[in-house]
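Just so you know, the sequences run in chain order A and B.
Residue 1 is where the first sequence starts when you use my numbering, and the numbers rise one by one after that.
Residue 1 is where the second sequence starts when you use my numbering, and the numbers rise one by one after that.
Incorrect hints may appear among the rest.
As the list claims (entries may be wrong) - In silico contact screen, one side only, chain B against chain A (beta carbon under 7 Å); selected entries:
(1) Leu46
(2) His82
(3) Phe105
What the hints contain is simulated information worked out from the structure, not anything from laboratory work.
Predicted model only: the values in this text are computed from it and were never measured.
Heads up, the beta-carbon is just placed ideally off N, CA and C, and yes, glycines get one too.
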Amino acid sequence: DTGVSQDPRHKITKRGQNVTFRCDPISEHNRLYWYRQTLGQGPEFLTYFQNEAQLEKSRLLSDRFSAERPKGSFSTLEIQRTEQGDSAMYLCASSLGPGVGSPLHFGNGTRLTVT
Amino acid sequence: AQSVTQLGSHVSVSEGALVLLRCNYSSSVPPYLFWYVQYPNQGLQLLLKYTTGATLVKGINGFEAEFKKSETSFHLTKPSAHMSDAAEYFCAVSGGSGGSYIPTFGRGTSLIVHP
Chain A
1 DTGVSQDPRH KITKRGQNVT FRCDPISEHN RLYWYRQTLG QGPEFLTYFQ NEAQLEKSRL
61 LSDRFSAERP KGSFSTLEIQ RTEQGDSAMY LCASSLGPGV GSPLHFGNGT RLTVT
Chain B
1 AQSVTQLGSH VSVSEGALVL LRCNYSSSVP PYLFWYVQYP NQGLQLLLKY TTGATLVKGI
61 NGFEAEFKKS ETSFHLTKPS AHMSDAAEYF CAVSGGSGGS YIPTFGRGTS LIVHP
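All chains, full assembly: derive it from the sequences and hints.
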């Protein structure tokens, strides 16, 4: 168990640029989640994959956001035409299904700053 | 939709004192409940979870929580605070009414430990 890894740890970009983040989950975990966390808040759900299928997306996820999980392994989260309001910590987590009670294993996040 | 409410955005205690962090959930069906801890610039780490069975759950680092259905609560306690316990703590819920796989997090409580 090498844990969930996220890359990069920090990203500074100018408004209007596109950014892409990568998440490598724990290898045997079939579920993968993306959350966004702003200062002083709890993680807010963005999207969820079971294997390679994206099963749920939050209303927070505007059409500028897209996520993929090809072959059910790593995942990428892309933000197009970034805005200052996108500045946040983006957290990836994985878990092992089936069942509802499986805890999440989080990566250390990617902190995005949009200038 | 299920949700959790964490009372108090900040809790301050002296080293050696009792720690009590409050969490109430909203669900007509008993859900799965979790407490996570987050240290600065890191992801969340699972402290403990309640799924079924014993209502008093013991976790890591001396923390425990009690599921009280009548009060819809899952408060986190530790008998004696240590300086290293200073962190952000999040309560989360999944399952329950609707049976969502997607954990929903509270806004968090920052634990401050004074020497």
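Would the hint on Leu46(B) be counted as holding, given a Cβ-Cβ threshold of 7 Å to chain A? 5 Å, holds
Hold the hint about His82(B) up to the distance rule: shortest CB distance to chain A must be less than 7 Å. Cβ of His82(B) sits 23 Å from chain A, so the hint is violated.
Can Phe105(B) be said to touch chain A, with a Cβ gap under 7 Å? 4 Å, holds
In summary, the one numbered hint that this structure violates is 2.
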